[in-house]
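Trainee: Here's the letter readout for the chains.
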Amino acid sequence: MAETSVKTQQAETKPPSPQLENMKKVYKKLKKNKTAMVGGILILFFIIVSIIGPVLTPFDPDAQDYTNRLASPNADNWFGTDHHGRDIFTRIIHGTSITLYIGFSSVLLGSVAGTVIGIVSGYYGKKIDAILMRSMDVLLAFPGILLALAIVSILGGSLQNVIIAVAVFSIPVFARIVRGSTLAVKKLEYVDAVRALGASDFRIIFRHILPNIMSPIIVQATLRMATAILAASGLSFLGLGAQPPTPEWGAILSQGRNYMWDDPHYALFPGLAIVVVVLAFNLFGDGLRDALDPKTKG
Amino acid sequence: MEPSSNIIEVNDLRTSFFTEEAEVKAVDGVSFSVPSGKTLGIVGESGSGKSITSLSIMRLIQEPGQIVGGEINFKSDNLLDKSESEMRRIRGNEISMIFQEPMTSLNPVFTVGDQISEAYRIHQGLSKKQALQKSLEMLELVGIPSPKDRLKRYPHELSGGMRQRVMIAIALACKPELLIADEPTTALDVTIQAQILRLINNLQDELGMSVVLITHDLGVVAETCDYVAVMYAGKIVEYADVQTLFESPKHPYTVGLLSSLPRHDIDQEELQVIKGMVPSPTNMPEGCRFAPRCPFATDLCKEQLPTLDDLEDGNQVRCWVYSDKWDGDPEVNVKDDYGTATSS
Amino acid sequence: MLVFVLRRILQTIPVIFGVTILVFLMIHLIPGDPAQIIAGEAASDAQVQQMRDRLGLNDHLLVQYGRFLGDIMQFDLGNSIRSGNPVSAEIGSRFWVTFELAFFSTLLSIFIGIIAGVISATKRHTFLDTSIMVIALFGLSMPNFWLGLMLIQYFALPPLQWFPVSGWGSIEHMVLPVITLGTAGAAIIARMTRSSMLEVINQDYIRTARAKGVKEQIVTYKHALRNALIPVVTVVGLQFGTLLGGTVLTETVFSINGLGRLVIDSINARDFPIVQGTVLVIALLFVLVNFLVDISYRFLNKRIELD
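Residue numbers (the working numbering), protein chains in the order written: chain F, -16 to 281; chain H, 3 to 346; chain P, 86 to 392.
In isolation and in its complexed conformation, chain F is listed as follows:
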């Protein structure tokens, strides 16, 4: 008897935050979803590799060894060597952080900009909405990597410009999703109530709308990592992104292409690395979507 009363009192003084409860639920669901777990573990693996991998690799990614050019995979050079005799395995390990960095920073940039545009558009509506959304339509009119390509062609090819290009190419996707979610949240009664209490727009957006639309943003950001990495490696492959000798995977692949006839390993491994990292984000993103949005359960 005494115990229960203590419990209820605790519950009253310290109500469990609904968001925390929600996160626990999501985590539980995610743990059940095998593919999502595989994706999550792979992502974790790549993050760890990007941090400690460079320390552990026995070779210098830039050390050239012309006596050991284009060696096939062997006990020393697991993925073989390139046309300068550099160890491809080492270069791929060193490239991991570049890939994750490009993916993460471009998605971060794109999602922040897209979220601001989406919230402003959805929250204020009317003319601002029309103008912003038409601008997003204009950006979306450049299909696939064409927009990123156009931007890089203007700014010139470099790692930093690739990030900007890929970020811009993500903005409209986030803006549209955020706008839709904002409209849905804005319709909820309590937002009206909060406004009636005199809360400022700024406060309503940050305290009430943003926390409620985080789920779709997180899901999209995860899936977008996959797209961003693909786009960025594509630009590098075209010679418009990271420039050699940077061990960026797309750039390695682009060089490996010249040696396909005799040395297929050169193009094989950097491509496989891209496939696995993109797959990881796709798996995790799919699982996250299932866990956060029960409606779209397949």
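Any given hint might turn out to be false.
Below, a sample of chain P positions facing chain H; criterion: calculated Cβ distance under 8 angstroms [claimed, not checked]:
{"id": "1", "residue": "Arg139"}
{"id": "2", "residue": "Thr293"}
{"id": "3", "residue": "Lys297"}
So the derived label-pair ranges between C-beta atoms look like this [stated by the list, open to error]:
{"id": "4", "chain 1": "P", "residue 1": "Asn386", "chain 2": "H", "residue 2": "Ala224", "range": "42 to 48 angstroms"}
{"id": "5", "chain 1": "F", "residue 1": "Asp175", "chain 2": "H", "residue 2": "Ser87", "range": "44 to 50 angstroms"}
{"id": "6", "chain 1": "F", "residue 1": "Asp43", "chain 2": "P", "residue 2": "Arg383", "range": "45 to 51 angstroms"}
{"id": "7", "chain 1": "P", "residue 1": "Leu95", "chain 2": "H", "residue 2": "Lys154", "range": "32 to 38 angstroms"}
{"id": "8", "chain 1": "H", "residue 1": "Thr21", "chain 2": "P", "residue 2": "Arg383", "range": "55 to 61 angstroms"}
{"id": "9", "chain 1": "P", "residue 1": "Asn386", "chain 2": "F", "residue 2": "Met20", "range": "34 to 40 angstroms"}
{"id": "10", "chain 1": "P", "residue 1": "Gln135", "chain 2": "F", "residue 2": "Asn241", "range": "36 to 42 angstroms"}
{"id": "11", "chain 1": "P", "residue 1": "Phe184", "chain 2": "H", "residue 2": "Gly127", "range": "32 to 38 angstroms"}
{"id": "12", "chain 1": "H", "residue 1": "Gln132", "chain 2": "F", "residue 2": "Ile201", "range": "56 to 62 angstroms"}
{"id": "13", "chain 1": "P", "residue 1": "Ser129", "chain 2": "F", "residue 2": "Pro41", "range": "48 to 54 angstroms"}
If you want the ones that stay clear, here's a sample from chain H, every Cβ over 12 angstroms from chain P, calculated [stated by the list, open to error]:
{"id": "14", "residue": "Pro37"}
{"id": "15", "residue": "Glu65"}
{"id": "16", "residue": "Asp83"}
{"id": "17", "residue": "Arg90"}
{"id": "18", "residue": "Ser107"}
{"id": "19", "residue": "Asn109"}
{"id": "20", "residue": "Asp116"}
{"id": "21", "residue": "Ser129"}
{"id": "22", "residue": "Val192"}
{"id": "23", "residue": "Asn204"}
{"id": "24", "residue": "Leu263"}
{"id": "25", "residue": "Glu314"}
{"id": "26", "residue": "Asp331"}
{"id": "27", "residue": "Asn335"}
{"id": "28", "residue": "Thr342"}
Honestly, the hints are just simulated from the structure, not real lab data.
The C-beta atom is built at its ideal place from N, Cα and C for all residues, glycine as well.
Using the hints, position chains H and P against chain F.
Mentor: For chains H and P alone, coordinates are given in the frame of chain F:
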């Protein structure tokens, strides 16, 4: 065929749904029969298993559901022994079914004519033209105005009542011997409800078919049925001819359902509502499934499940009150004492 | 319906203007002096001045845009700096190659994607379904340029040598590039078809069809698929656009002389009029495809919307 013979006899039918956690017994040993040319009403609240029973007869239970036991004897053949292709020849041909939701039960991308014709083309091998001609006749039969024009319409161009008439046309196209109507009027306006029920009754006489009418509405039963099976939590609790059921209901659940109906012949101070909820199929009471809500329930009721016993008049009831083992008040009269028992 | 088409046209017009503005601005967004950059670092002042005159960079921005828009109306996209040929001619001579590549790749994605998606949905939660979905996820995660290289490696180079390594024209030439470009689309369409089928298969009208005695295959391919494909239409449209953009990589891998390679070569050669012209043409084409897809979707969906 003799008038007393049954078109269908269901024996100990069991249908379960298999989830990760448990087996959910949606239909748990249901037996009933439908005399030829007659109408049987199956009554119960949602979740009582009445729709699953009807889908089981059609052998249309989808994963993760499965018929796990029993017999469904239709014209002396057990439907559960039939192959899938034999079943297909029966569905829509000898046994037909109409569903609750006329708004969503028609395929939106095909015309009304196409959808009725399909039955003729499958079962009678008619050409497209012949099938459309027959479909036109069917639309006339179910009382759709300007049927020729309607043949070419898509479902979204018709009202709910019209769509249900189309559903009836599809079901009756091949003149089935048994029609299963699963809540055919629930989704419709009251005035249209009466029209549709009358239509089914008239067509039944015209075509000489038998009907199983699934409903939660006792008013509908009173108007249309010859016999009634009352279902509760996956089991039949009472089976009687319609007159007996309304005049002297035996099972406390039936009495409860009847007293929750508005009546015109007597003054009622208030409508009775059965307290509590249908038990969840994953958490069935050990004894009588109605015991937790039953005003007469004794320890016996809570511990042991009663059987469906025959009564002197040929009707059946699943209740300890009518057995020798009854441990409660021997003088109890379920129908008359229900009101006082619930209010106390 | 007519109202919808008109409204959709009205919505498209500002987008088209936006696209032209953005493409027009490309040259002005180049950091530094565009004339200097286009003419090259080694160019003399006189040459740079000449380039500036040629590109009309001295006029007011609005005047320049007006001229740009006026020229577009007459299908005049300027002249290539490298070859001096009209940009429209350069694009025209390569357009059909890219269009064919994108078109056949789209066909392939639709064909494979729908079949795989339907099989997956009808055999859901079986080994076959899981395998198809895993393959689809791989298809989605593969950089198409790498897929192209691998296809060349294993099917065009010795020992097999089934297909040519590069070029365009015959059916043999088309096989590998079309697979390369179509795989991601097939994966997306397969996933979409599967989830759409799973949604449709639980609809009441599917039960009605079964209750009528319709064979399960016909239930799947006639009653369910027709409904399930409606949302897939939108994906197909988007996919065609993405393919148009994606041809850049595929054309580079297979050395196909299409618009994609034209863009890349021109970017490398700083031949901006060509870059602008090609980007503009592809974007406008994509806007047109989206417009048509929206209208057909609306038309197909009309029957489904509950009134």
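Trainee: For each hint, tell me whether it holds in the structure or not.
Mentor: Here is what the structure says about each hint:
no.: 1; hint: Arg139; in the structure: violated (57 angstroms)
no.: 2; hint: Thr293; in the structure: holds (5 angstroms)
no.: 3; hint: Lys297; in the structure: holds (4 angstroms)
no.: 4; hint: P:Asn386 to H:Ala224: 42 to 48 angstroms; in the structure: holds (43 angstroms)
no.: 5; hint: F:Asp175 to H:Ser87: 44 to 50 angstroms; in the structure: violated (60 angstroms)
no.: 6; hint: F:Asp43 to P:Arg383: 45 to 51 angstroms; in the structure: violated (60 angstroms)
no.: 7; hint: P:Leu95 to H:Lys154: 32 to 38 angstroms; in the structure: holds (33 angstroms)
no.: 8; hint: H:Thr21 to P:Arg383: 55 to 61 angstroms; in the structure: violated (40 angstroms)
no.: 9; hint: P:Asn386 to F:Met20: 34 to 40 angstroms; in the structure: holds (37 angstroms)
no.: 10; hint: P:Gln135 to F:Asn241: 36 to 42 angstroms; in the structure: holds (37 angstroms)
no.: 11; hint: P:Phe184 to H:Gly127: 32 to 38 angstroms; in the structure: violated (47 angstroms)
no.: 12; hint: H:Gln132 to F:Ile201: 56 to 62 angstroms; in the structure: holds (59 angstroms)
no.: 13; hint: P:Ser129 to F:Pro41: 48 to 54 angstroms; in the structure: holds (52 angstroms)
no.: 14; hint: Pro37; in the structure: holds (23 angstroms)
no.: 15; hint: Glu65; in the structure: violated (9 angstroms)
no.: 16; hint: Asp83; in the structure: holds (18 angstroms)
no.: 17; hint: Arg90; in the structure: violated (5 angstroms)
no.: 18; hint: Ser107; in the structure: violated (4 angstroms)
no.: 19; hint: Asn109; in the structure: violated (4 angstroms)
no.: 20; hint: Asp116; in the structure: violated (10 angstroms)
no.: 21; hint: Ser129; in the structure: holds (17 angstroms)
no.: 22; hint: Val192; in the structure: holds (21 angstroms)
no.: 23; hint: Asn204; in the structure: holds (22 angstroms)
no.: 24; hint: Leu263; in the structure: holds (29 angstroms)
no.: 25; hint: Glu314; in the structure: holds (39 angstroms)
no.: 26; hint: Asp331; in the structure: holds (47 angstroms)
no.: 27; hint: Asn335; in the structure: holds (43 angstroms)
no.: 28; hint: Thr342; in the structure: holds (44 angstroms)
Hint compliance for this structure: hints 1, 5, 6, 8, 11, 15, 17, 18, 19 and 20 are not met, and every other hint is.
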